[in-house]
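Colleague: Sequence:
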Amino acid sequence: IPHRLFGQARSTSGERLYDVVTATLTPGPVRTDTDFTINVANGPDVLAQADTVVIPASDEDYAPPTQGRLSPELATALSHIKPGTRMASICTGSFVLAAAGFLDERRATTHWRSAGDFRRLFPHIELDPNVLFTDCDDVLTSAGVAAGLDLCLHMIRSDFGAAVANEVARGTVTPPHREGGQAQYIQRLVPEPTTAATGAARAWAAERLDEAITLDDMAAVSAMSKRTFTRRFREETGLSPMQWLTEQRLHRACELLEQTDFPVERVAAESGLGSGTAMRQLFQSAMGVTPSAYRATFRGRELSSGDG
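Anchor point for the sequence shown: position 44 equals 44 in full-length UniProt numbering, and the numbering is continuous, going up by one each time.
No wet-lab data here; the hints were simulated from the structure.
Heads up, the beta-carbon is just placed ideally off N, CA and C, and yes, glycines get one too.
Any given hint might turn out to be false.
As the list claims (entries may be wrong) - Computed Cβ-Cβ distance ranges for the label pairs, DEER-style: (1) Thr-260 with Glu-73: 48 to 54 angstroms; (2) Gln-243 with Arg-170: 44 to 50 angstroms; (3) Gln-49 with Arg-4: 42 to 48 angstroms; (4) Arg-4 with Ala-163: 16 to 22 angstroms; (5) Val-145 with Thr-26: 22 to 28 angstroms; (6) Ser-240 with Thr-277: 40 to 46 angstroms; (7) Asp-128 with Pro-263: 46 to 52 angstroms.
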């Protein structure tokens with residue numbers, strides 16, 4: 001998952017935005033959990049050059065999930081990581097981060113089936129098994145493997161903005177954004193918009209985010225009752241129609257903050273978030289920063305990138 005998503009991130013000129021490298025304890029053939037073998041050329045020494053390290057999930061009965069500590073080989077490998085490196089885990093990879101001490105005094109998540117073992121082994125870590133991912137001081141964790149998609153897109157969005165993340169999501173037929181606080185174990189499909197029962201309504205709404213849109217309007221586009229539409233919508237997206245609509249409007253607001261100098265009041269109007277005051281409150285709640293701080297952070301990244 002990380003290799004594919006980060007590998008697809010491109011600048012507007014087509015330049016790769018990440019140099020993605022896979023590493024293993026011993027270079028050579030590695031048998032995967034899905035019963036095929038890949039050849040990994042890099043050992044743990046490459047971790048010393050990494051800006052971000054992502055620990056994948058594993059079905060192996062290795063030391064951290066069973067004993068709460070790292071094997072000597074894994075501990076030595078992780079010692080190559082330089083201070084300040086962004087650390088992330090997918091699914092049960094959180095056990096490795098916890099055993100290595102990266103999650104001390106931080107909030108984390110893991111697959112909900114492994115939550116009991118995690119709490120038993122690492123009682124000092126604040127575990128929230130009901131969210132898709134957590135982001136705490138450049139240490140990030142995701143729930144199941146599917147939530148790893150959301151986590152990677154979240155990191156791409158944080159690094160290069162919503163437009164880049166959305167383009168990666170389109171290339172992998174993945175919804176561009178699900179909030180980290182969304183529940184883990186929702187029965188959720190990712191169908192093509194043209195074939196999903198509520199796809200036409202979503203496409204219709206996405207084209208007019210700046211307009212007033214009601215549940216009645218969206219249900220009518222799909223020729224369903226409100227009750228049936230809401231049920232089918234949740235099955236297909238994991239969200240209620242109004243939650244989904246708010247997320248789309250927030251994405252639009254992010255893009256406008258990144259790409260224009262529009263005042264907050266205009267951003268709010270063009271994204272359908274109401275007044276500037278209403279947008280500030282919602283944006284702060286959803287993104288953890290004010291619209292002006294978000295814009296300043298993104299512009300700061302642009303300047304840093306431009307300076308080489």
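Colleague: Taking the hints in turn, state whether each one holds.
Modeller: The hints, checked one at a time:
no., hint, result
1, Thr-260 with Glu-73: 48 to 54 angstroms, "51 angstroms, holds"
2, Gln-243 with Arg-170: 44 to 50 angstroms, "21 angstroms, violated"
3, Gln-49 with Arg-4: 42 to 48 angstroms, "21 angstroms, violated"
4, Arg-4 with Ala-163: 16 to 22 angstroms, "19 angstroms, holds"
5, Val-145 with Thr-26: 22 to 28 angstroms, "24 angstroms, holds"
6, Ser-240 with Thr-277: 40 to 46 angstroms, "24 angstroms, violated"
7, Asp-128 with Pro-263: 46 to 52 angstroms, "36 angstroms, violated"
Violated hints for the displayed structure, listed by number in ascending order: 2, 3, 6, 7.
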